[in-house]
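Colleague: Residue numbers (this note's numbering), protein chains in the order written: chain A, 1 to 283; chain B, 1 to 283; chain C, 1 to 283; chain D, 1 to 283.
Hints may contain errors.
Heads up, the list lumps identical chains together, so a pair's fine if it works in one copy or across two of them.
The calculated SDA-like cross-link candidates involving lysine to any residue, where the alpha carbons are at most 25 Å apart (straight line), are [claimed, not checked]:
no., residue 1, residue 2
1, Lys210, Leu180
2, Lys72, Asn276
3, Lys251, Pro196
4, Lys95, Gln173
5, Lys278, Ala61
6, Lys210, Cys10
7, Lys54, Arg242
8, Lys72, His37
9, Lys210, Glu40
10, Lys127, Ala244
11, Lys54, Asn43
12, Lys14, Trp78
13, Lys251, Leu180
14, Lys72, Gly15
15, Lys162, Gln145
16, Lys95, Asn30
17, Lys210, Ala228
18, Lys159, Phe46
19, Lys54, Ala246
20, Lys210, Arg224
21, Lys210, Tyr275
22, Lys131, His96
23, Lys251, Cys114
24, Lys73, Phe25
No lab work stands behind these hints, which were simulated from the structure alone. The model shown is predicted, which means the values in this text are computed figures rather than measured ones.
Number of protein chains: 4
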Amino acid sequence: MNHAILLISCPDRKGITAAVTNFVFIHGGNIISADQHIDEQSNTFFMRVEWSLKDFDLSTAKIETAFLPLAKKFSMAWSLYFSQQLPRVAIFVSKHLHCLYDLLLRHRQGQLPCQIRLIISNHADAKVIAKEFGVRFLECPITPQTKRAQEQKELLALKKEKIDMIVLARYHQILTQNILNHFPNRIINIHHSFLPAFAGGDPYRQAYQKGVKIIGATSHYVVRRLDAGPIIEQDTVRVTHRDALADLVRKGQDLERIVLNRAVRWHLQRKILCYNNKTVIFE
Amino acid sequence: MNHAILLISCPDRKGITAAVTNFVFIHGGNIISADQHIDEQSNTFFMRVEWSLKDFDLSTAKIETAFLPLAKKFSMAWSLYFSQQLPRVAIFVSKHLHCLYDLLLRHRQGQLPCQIRLIISNHADAKVIAKEFGVRFLECPITPQTKRAQEQKELLALKKEKIDMIVLARYHQILTQNILNHFPNRIINIHHSFLPAFAGGDPYRQAYQKGVKIIGATSHYVVRRLDAGPIIEQDTVRVTHRDALADLVRKGQDLERIVLNRAVRWHLQRKILCYNNKTVIFE
Amino acid sequence: MNHAILLISCPDRKGITAAVTNFVFIHGGNIISADQHIDEQSNTFFMRVEWSLKDFDLSTAKIETAFLPLAKKFSMAWSLYFSQQLPRVAIFVSKHLHCLYDLLLRHRQGQLPCQIRLIISNHADAKVIAKEFGVRFLECPITPQTKRAQEQKELLALKKEKIDMIVLARYHQILTQNILNHFPNRIINIHHSFLPAFAGGDPYRQAYQKGVKIIGATSHYVVRRLDAGPIIEQDTVRVTHRDALADLVRKGQDLERIVLNRAVRWHLQRKILCYNNKTVIFE
Amino acid sequence: MNHAILLISCPDRKGITAAVTNFVFIHGGNIISADQHIDEQSNTFFMRVEWSLKDFDLSTAKIETAFLPLAKKFSMAWSLYFSQQLPRVAIFVSKHLHCLYDLLLRHRQGQLPCQIRLIISNHADAKVIAKEFGVRFLECPITPQTKRAQEQKELLALKKEKIDMIVLARYHQILTQNILNHFPNRIINIHHSFLPAFAGGDPYRQAYQKGVKIIGATSHYVVRRLDAGPIIEQDTVRVTHRDALADLVRKGQDLERIVLNRAVRWHLQRKILCYNNKTVIFE
Numbered sequence: 001m002n003h004a005i006l007l008i009s010c011p012d013r014k015g016i017t018a019a020v021t022n023f024v025f026i027h028g029g030n031i032i033s034a035d036q037h038i039d040e041q042s043n044t045f046f047m048r049v050e051w052s053l054k055d056f057d058l059s060t061a062k063i064e065t066a067f068l069p070l071a072k073k074f075s076m077a078w079s080l081y082f083s084q085q086l087p088r089v090a091i092f093v094s095k096h097l098h099c100l101y102d103l104l105l106r107h108r109q110g111q112l113p114c115q116i117r118l119i120i121s122n123h124a125d126a127k128v129i130a131k132e133f134g135v136r137f138l139e140c141p142i143t144p145q146t147k148r149a150q151e152q153k154e155l156l157a158l159k160k161e162k163i164d165m166i167v168l169a170r171y172h173q174i175l176t177q178n179i180l181n182h183f184p185n186r187i188i189n190i191h192h193s194f195l196p197a198f199a200g201g202d203p204y205r206q207a208y209q210k211g212v213k214i215i216g217a218t219s220h221y222v223v224r225r226l227d228a229g230p231i232i233e234q235d236t237v238r239v240t241h242r243d244a245l246a247d248l249v250r251k252g253q254d255l256e257r258i259v260l261n262r263a264v265r266w267h268l269q270r271k272i273l274c275y276n277n278k279t280v281i282f283e
Numbered sequence: 001m002n003h004a005i006l007l008i009s010c011p012d013r014k015g016i017t018a019a020v021t022n023f024v025f026i027h028g029g030n031i032i033s034a035d036q037h038i039d040e041q042s043n044t045f046f047m048r049v050e051w052s053l054k055d056f057d058l059s060t061a062k063i064e065t066a067f068l069p070l071a072k073k074f075s076m077a078w079s080l081y082f083s084q085q086l087p088r089v090a091i092f093v094s095k096h097l098h099c100l101y102d103l104l105l106r107h108r109q110g111q112l113p114c115q116i117r118l119i120i121s122n123h124a125d126a127k128v129i130a131k132e133f134g135v136r137f138l139e140c141p142i143t144p145q146t147k148r149a150q151e152q153k154e155l156l157a158l159k160k161e162k163i164d165m166i167v168l169a170r171y172h173q174i175l176t177q178n179i180l181n182h183f184p185n186r187i188i189n190i191h192h193s194f195l196p197a198f199a200g201g202d203p204y205r206q207a208y209q210k211g212v213k214i215i216g217a218t219s220h221y222v223v224r225r226l227d228a229g230p231i232i233e234q235d236t237v238r239v240t241h242r243d244a245l246a247d248l249v250r251k252g253q254d255l256e257r258i259v260l261n262r263a264v265r266w267h268l269q270r271k272i273l274c275y276n277n278k279t280v281i282f283e
Numbered sequence: 001m002n003h004a005i006l007l008i009s010c011p012d013r014k015g016i017t018a019a020v021t022n023f024v025f026i027h028g029g030n031i032i033s034a035d036q037h038i039d040e041q042s043n044t045f046f047m048r049v050e051w052s053l054k055d056f057d058l059s060t061a062k063i064e065t066a067f068l069p070l071a072k073k074f075s076m077a078w079s080l081y082f083s084q085q086l087p088r089v090a091i092f093v094s095k096h097l098h099c100l101y102d103l104l105l106r107h108r109q110g111q112l113p114c115q116i117r118l119i120i121s122n123h124a125d126a127k128v129i130a131k132e133f134g135v136r137f138l139e140c141p142i143t144p145q146t147k148r149a150q151e152q153k154e155l156l157a158l159k160k161e162k163i164d165m166i167v168l169a170r171y172h173q174i175l176t177q178n179i180l181n182h183f184p185n186r187i188i189n190i191h192h193s194f195l196p197a198f199a200g201g202d203p204y205r206q207a208y209q210k211g212v213k214i215i216g217a218t219s220h221y222v223v224r225r226l227d228a229g230p231i232i233e234q235d236t237v238r239v240t241h242r243d244a245l246a247d248l249v250r251k252g253q254d255l256e257r258i259v260l261n262r263a264v265r266w267h268l269q270r271k272i273l274c275y276n277n278k279t280v281i282f283e
Numbered sequence: 001m002n003h004a005i006l007l008i009s010c011p012d013r014k015g016i017t018a019a020v021t022n023f024v025f026i027h028g029g030n031i032i033s034a035d036q037h038i039d040e041q042s043n044t045f046f047m048r049v050e051w052s053l054k055d056f057d058l059s060t061a062k063i064e065t066a067f068l069p070l071a072k073k074f075s076m077a078w079s080l081y082f083s084q085q086l087p088r089v090a091i092f093v094s095k096h097l098h099c100l101y102d103l104l105l106r107h108r109q110g111q112l113p114c115q116i117r118l119i120i121s122n123h124a125d126a127k128v129i130a131k132e133f134g135v136r137f138l139e140c141p142i143t144p145q146t147k148r149a150q151e152q153k154e155l156l157a158l159k160k161e162k163i164d165m166i167v168l169a170r171y172h173q174i175l176t177q178n179i180l181n182h183f184p185n186r187i188i189n190i191h192h193s194f195l196p197a198f199a200g201g202d203p204y205r206q207a208y209q210k211g212v213k214i215i216g217a218t219s220h221y222v223v224r225r226l227d228a229g230p231i232i233e234q235d236t237v238r239v240t241h242r243d244a245l246a247d248l249v250r251k252g253q254d255l256e257r258i259v260l261n262r263a264v265r266w267h268l269q270r271k272i273l274c275y276n277n278k279t280v281i282f283e
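Bound-form chain A, shown alone (with noise of 0.2 Å):
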């Protein structure tokens, strides 16, 4: 059953609530569920509503055309995505797998909703990885030399399966400017550490030398500053003086497994609005 998703954010004032779900209302559909979320600080409206498009009187055509008026009225930043319509992916991955393997197998489990079409790696580890869930490979090995010219084919790759996001799994690149200028909130990045602590470089051994209680993993969309852009999920896990870094590293692993895979289930299932440097998450 097709769904309709539409994702708001505009100024808050009196009735906005009203004149989305009453738009759902009088073209016959029915709400499957309503969230919506004021910031008081920056006046900001929030709101996600997903409807099930069953007796629904526009065809998907049509909804964008007939929702405008009421979007201009309320001055809306607005999306609109259809359940049915599965994002293409593309994950990037470099030397550790944990990540690529726990994505590949989620989604052949079903519980990520959308098209895995492409894999590309500055390695080749990943390539047999790739072959036994049938996915795209593409090997583009980075020296500073051919980055530029490397990541010219990427993103002829990436154009070519018309990827609509992409998932850093353990990507020790760091990607130019030019790449995500196409993926503005749509490139999703694993930390492993709790940010804003430990950024930059090995923040396992970082973690470990300053001798923390608790080690954390970070998923967040991918800006220009290095691992500073919107937070979409955290977690953490207790270390103690008897777990050396090796022991750091096999906590955060289970860690970045789950906190990845939760931020991109969530985007995918179009539940993720950014503002300000954060996120709101309608989950």
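Chain A is fixed; fit chains B, C and D onto it per the hints.
Modeller: For chains B, C and D alone, coordinates are given in the frame of chain A:
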């Protein structure tokens, strides 16, 4: 600033959200928050909507009448609350006073929107705390012979103080049906285990003997069957073989305080709906 | 580098720690870790000591004999293990394969010090995974009529592969006493609830219907009574009224993997001692 | 019953555990608990051993002298404590009183083995609580001009009360080197963030603006560099976009209480060893 809060449950069908939010809009109300949930198994719709009464064109006394036709149309079970009308609370306690202390301190900090009117105990231990916080104290020692008469005394006091809700903050007596009847879904108990595990007496000892690796606490509405009412909140904490029974008690008491406080606060904020011996919590 | 690991339990009295650590010292061993615990209720002493065999003046074959007088003096129940002697493991599984996959991946990553020799299932689903990871697969479909004969077949295979421990990675059959007798405290099960709550069949549905706010998973040694053996590890995750039964399953499967993995790893590292239907875990 | 507790750190080599436990044994002591840890990076050995003094053949006054040769042989840094000798504690507090209240209540419940001798504040707010619990209160209002003189006054009071350890229970002043010098690794602070994230002022606001999905609290020993001393304990709690700054404060205060209490209790139980700006905690 006074807010109105409407809690609704009814059979799900098209147009409920639109109708309710439109009702608020046409009378000039500004929605602060709106949450809904659909239980698919029973096809039941739940909603909580809170709006500011500033510029609302109906006086508080007239809202119910104005809403009635809409409520009838959708066969709603519903209740209307006002944030400025602080519920009147009675706390029952026996000899463990940590939960009582915690509620009184949080109330003093402004975290609990209510009036604490009465403390009732079958022991004298809490008397000095009641005095310290300026709350009326009623001592009702209970023996099998006096139980009935004492409960009558308690009921009278509850009635005289116009009590809206009761908190059992480690009260080690079973309330009789007589009291339960007067406070349906308005008596909150804290049980010191992760229900349904270890219902009944001495749950920490039960947990210790079973050798569990995690203990918990559960707050729930009180129903006739012991420790079996709708669960409002639970939380857990890790224990090890090193923890003696006294350590379980110590760790558990931190949980009890936090879990009971959350449940009471959500109840006071009118965030809880009961159905089917479960709770919907619009946190 | 080979290590020796000694697990000891005996009545508590003065001088046990001194005697054991002195035994290691006089033979030239360097202690890597030493843990002890005293259960005050039963006055039982538990110890785990691990030392490097580099420069140890007894060969592995002679340690037992050398230690025997000391063990007798203190009436010890004890076992001696060597880190280079990898336990031989069999995994039983039915149709849910996420735990099996997880164990195989962790083993491949070097996180589980064992040899996975055998996968046994009452269904064919795991066959392809077994092949992928190069593990022998034995399919034993079970009906009430064939159960006895199939278990004989399983026992033969376990014997032939010299299996040391069995992991029930979501195996939906009850093992008969015959198999249990051969592997006392050497069969680990994962139960998908927070035991002792929701023992038996379909625990996610039980949890859903009860309306708990937290679900859990429990790994335990298998004993004759269903889901009642010594608990090794538990963990929990929060759920809300928004989570349908399928969400409980999804969230719970992450717990199952993590909790089962911890229990198996600790067992393989010889960190678990059982007593009184409980476990001491020298993590 | 009086116990002796020995905390040891020294370069790792063979025979330390045997030597120490043998020392206890030959003098007739019964070991209650013995823990050890080896930091492989620095090859440092840490030990905590606690034994009953019942039937011990050395008086408390003579244990140090008797142990000295052994300590010298292994180049130990060590300290000896007795459980009946309750540490004398001073609590510093400013205007947020929830941690102070919590420590006093737990002390009254018998959870903190110490004498609370003194409460010092730069404000008068805590005066009434100090009186309620019968603890001496010293008000030292601080301005840039008076800071030096006031700290002299504080030092005098600390000396007069023979204070062993200081707890900064939300004390919003930076202690000068003068006080730090007198209490090395004996001043515990609670910082209301998950350090090293959000050190310095107003951490809840920092966390709110960053949009983190989890907040934390950290207790640590105070060193010269702000919020940078050895971490003793941390804990975290989940927040969402729905939580306003005030909610972060409310949720965080529960963490602060629990985390500070754990750290203080472990310190009082002599379970903490410091090295390399980190802590070993024999919990």
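Colleague: Does each hint hold? Answer for all of them.
Modeller: Here is what the structure says about each hint:
1. Lys210 - Leu180: between (32 Å within a copy, 21 Å between copies)
2. Lys72 - Asn276: within (22 Å within a copy, 43 Å between copies)
3. Lys251 - Pro196: Both: 19 Å inside a copy, 20 Å across copies.
4. Lys95 - Gln173: Answer is within: at 11 Å inside a copy they meet the 25 Å cutoff, but 39 Å across does not.
5. Lys278 - Ala61: neither (31 Å within a copy, 41 Å between copies)
6. Lys210 - Cys10: between (43 Å within a copy, 21 Å between copies)
7. Lys54 - Arg242: between (57 Å within a copy, 22 Å between copies)
8. Lys72 - His37: within (20 Å within a copy, 29 Å between copies)
9. Lys210 - Glu40: between (37 Å within a copy, 16 Å between copies)
10. Lys127 - Ala244: neither (31 Å within a copy, 37 Å between copies)
11. Lys54 - Asn43: between (35 Å within a copy, 17 Å between copies)
12. Lys14 - Trp78: both (18 Å within a copy, 23 Å between copies)
13. Lys251 - Leu180: neither (31 Å within a copy, 32 Å between copies)
14. Lys72 - Gly15: Result: close both inside a copy and across copies, 14 Å intra and 23 Å inter.
15. Lys162 - Gln145: Neither: 27 Å inside a copy, 55 Å across copies.
16. Lys95 - Asn30: neither (46 Å within a copy, 36 Å between copies)
17. Lys210 - Ala228: Cα proximity of lysine 210 and alanine 228: in one copy and across copies (21 Å, 9 Å).
18. Lys159 - Phe46: Neither: 31 Å inside a copy, 44 Å across copies.
19. Lys54 - Ala246: between (53 Å within a copy, 23 Å between copies)
20. Lys210 - Arg224: Between. Shortest inter-copy distance 16 Å satisfies the 25 Å Cα cut-off; intra-copy 27 Å does not.
21. Lys210 - Tyr275: This pair counts as between: shortest inter-copy Cα distance 12 Å, intra-copy 32 Å.
22. Lys131 - His96: Classified as both: same-chain Cα gap 17 Å, cross-chain 23 Å, threshold 25 Å.
23. Lys251 - Cys114: between (28 Å within a copy, 19 Å between copies)
24. Lys73 - Phe25: Both: 19 Å inside a copy, 16 Å across copies.
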